[in-house]
Amino acid sequence: MILCSSAEDWLAQDGQFLALWTDATHAYALYAPGRLVALPLTDNAYPALNTPAAAWFQRLAFDTSGVTATGASDTRPAIEHFCASDGSSPWPEFKPATAEGVHQVAVGPIHAAIIEPGHFRFSVLGEQVLKLETRLGYSHKGTLALMRGKSPRLAARFAARISGDSTVAHSLAFAHAAEAALGLPPPARALYLRAVMAELERLANHTSDIGAIAGDAGFSFLDARFSWHRESLCTAALLAFGHRLMMDIIIPGGIAGDLRTGGADAILAALAALEVELPSLIRVFEDYASLQDRLVGTGLIPPELAQTYAPGGFTGRASGSSDDARLTPGYAPYENFGVSVPEDSEGDVAARIRIRLAEITESTRLIRDLLSTLPDTAIALAPAAGSGMGLGVAESFRGPVWHWLRLDAGVITDVFIADPSTRQWPLLEHAATTSILADFPIINKSINASYSGVDL
Amino acid sequence: MVWKTLARHFVSRHAPARSADPELAAALRQRLVAASAQKLGRSLAIRHVAAGSCNGCELELRATQNLIYDLTQYGLSFTASPRHADILLITGVAARNMAEAVRQARAAMPDPVFVIALGDCAVDGGVFKGSPAISGGAESILPVDLAISGCPPPPGQIIEALLAMLDAHTPLKTKPRPRRVC
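Just so you know, the sequences run in chain order Z and F. The first sequence lines up with residues 1 to 456 when you count with the working numbering. The second sequence lines up with residues 1 to 182 when you count with the working numbering.
Any given hint might turn out to be false.
[To be verified] Interface residues of chain F toward chain Z, partial, derived using beta-carbon atoms under 7 Å:
{"id": "1", "residue": "Ser43"}
{"id": "2", "residue": "Val49"}
{"id": "3", "residue": "Cys54"}
{"id": "4", "residue": "Gly56"}
{"id": "5", "residue": "Asn66"}
{"id": "6", "residue": "Ala80"}
{"id": "7", "residue": "Met98"}
{"id": "8", "residue": "Val127"}
{"id": "9", "residue": "Ala133"}
In short, the hints are calculated from the structure, not lab data. Because the structure is a prediction, the values reported are computed rather than measured. Where a beta carbon is used, it is the ideal one built from N, C-alpha and C, also for glycine.
All chains, please: the whole structure from these sequences, using the hints.
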């Protein structure tokens with residue numbers, strides 16, 4: 001960690017911004033690929049960073065701890081809706097695009113489909129979206145506060161529920177942070193099985209999302225087939241690890257249960273079924289002009305914008321970035337297997353799907369390699385009641401998940417969690433303005449930023 | 001005769017006890033059940049509201065619609081509009097920021113409404129119990145008819161619970177062709 005001595009020092013840091021948070025005494029900023037910078041607070045405030053990617057984090061820091069970012073241009077509440085002086089929950093002031101004939105379309109917090117809550121305010125001219133403002137915070141559960149005062153093993157249950165679709169990745173990043181703080185290296189078998197779970201989770205999400213995007217474009221055949229594969233992957237996860245989403249299995253120090261008898265075979269069978277059908281599904285995806293028409297050129301995220309927000313994951317890789325936390329900064333056991341990272345620069349919905357299709361093949365290979373070389377060691381070490389600070393990362397299906405925590409005598413005193421969604425929401429706001437309103441569900445699903453992962 | 005008049009008077013002071021004709025009552029009851037079954041039937045529309053979940057329950061809810069579980073075969077379907085819904089299905093901890101939206105969704109639904117809390121968080125707040133940001137479970141916002149626990153409950157369990165609720169509320173003689181839930 002780099003401790004800045006002055007505000008100039010704090011503002012002069014270059015590199016790709018990833019996250020910002022505060023504790024009682026310091027403000028912290030995280031830059032790629034894992035450089036942590038701290039600045040002591042002055043009068044419970046710190047200078048606001050220049051990058052627009054920091055805006056949400058600064059608003060969040062004010063909502064959760066009352067620390068002010070001096071000079072910030074955006075000071076709206078992030079997740080605290082009951083922010084009026086009388087304790088009520090007023091609507092925020094939206095700033096619609098100004099042009100003749102613009103009208104607003106308000107959507108949410110309850111959406112039409114089975115998804116999480118959030119409010120979207122579109123400024124629309126005819127069908128063209130001119131501006132999108134999102135209001136999040138509806139899923140705010142006070143997770144960070146609940147994690148404080150608990151041991152890493154107890155707090156792992158909250159880490160696993162930051163975002164259910166990436167429960168494995170969040171548990172893994174949290175375990176990495178706790179293990180870094182305690183100097184606790186998990187056994188090799190645990191590392192391998194963690195990677196198996198992480199890749200299974202990636203497959204389950206990629207298959208279900210690709211299908212759902214096709215379904216939104218009126219192409220229910222792909223939705224039906226991909227959701228069938230997701231189901232078979234979840235069933236395999238249940239047989240192998242005892243839970244369909246593999247929740248609460250990764251814990252600080254290792255994993256809570258070994259691979260079950262017959263589990264490896266169940267996983268391999270699911271992979272084989274997916275591998276057999278995938279080429280024909282890709283052909284369908286590529287061959288149908290009506291489907292391609294909805295996806296190509298829709299929801300554009302130009303590479304320059306992706307550079308600013310560092311969304312990571314398939315969203316970043318579809319817009320010219322090759323970032324993958326499994327390689328940089330990297331963590332065990334991926335150095336033994338290598339990861340081929342697909343890249344594209346079109347930045348549209350079709351490109352994001354192409355990246356995810358390529359990742360399906362790579363994750364399948366990784367799981368096979370991992371399962372065929374499983375080390376025969378213990379699966380967990382008990383964490384001692386130590387003290388220290390730790391930073392951990394894991395590549396979730398949607399990008400790098402960062403967890404930071406400080407332990408005092410075995411109890412968490414401070415914790416912060418940065419889901420990549422935080423940097424992806426502003427990109428969705430931009431991508432929506434490149435298309436018509438009817439394309440928004442497709443664009444939203446193609447990025448699939450987590451609501452819960454941001455609302456904390 | 002005076003004694004005859006007195007006797008008649010004495011007897012007529014008590015009106016004969018009345019009881020409903022059991023045959024008529026049975027027929028009426030049958031008509032009522034048939035009418036409500038016809039009105040509600042087993043074909044119910046579900047409006048799902050996520051009130052502060054981690055999105056795990058949403059994943060499993062969506063899985064109930066896939067090829068393998070195919071929730072629609074039981075007459076249950078998800079609807080976008082609360083106006084068309086018979087069931088309000090709530091997931092999540094009942095975050096304070098969602099309480100008003102949940103109440104508005106309920107108010108927009110025509111009676112009668114079944115309220116279901118799905119997942120440990122919606123049942124009582126789950127692991128988030130005690131957080132000041134939540135009111136702790138769907139019951140803290142609305143009276144709940146059915147609680148489906150699990151974190152998250154798997155799709156098969158969700159379907160079984162929904163079917164149990166239908167069985168309890170609509171005593172129909174004819175039930176849909178049973179199909180294996182795998």
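The hints, checked one at a time:
At its closest, the beta carbon of Ser43(F) sits 19 Å from a beta carbon of chain Z; the interface hint therefore is violated under the 7 Å criterion. Of the supplied interface hints, the one on Val49(F) holds, with its beta-carbon coming within about 5 Å of a beta-carbon of chain Z, less than 7 Å. The criterion of a C-beta within 7 Å of any C-beta in chain Z is met by Cys54(F), whose closest approach is roughly 4 Å, and the hint holds. Contact between Gly56(F) and chain Z, as hinted, is supported at the beta carbon level, the nearest pair being about 3 Å apart and thus within 7 Å.
Restraint check, Asn66(F) versus chain Z: the minimum CB separation of about 4 Å is within 7 Å; hint holds. Restraint check, Ala80(F) versus chain Z: the minimum CB separation of about 4 Å is within 7 Å; hint holds. Using the Cβ-Cβ criterion of 7 Å, the hint placing Met98(F) at the interface with chain Z is satisfied: the shortest such distance is roughly 5 Å. Residue-level restraint check for Val127(F) holds (minimum Cβ-Cβ distance to chain Z is 5 Å; threshold 7 Å).
Taking 7 Å as the C-beta cut-off, the interface hint given for Ala133(F) holds, the closest approach to chain Z being about 4 Å.
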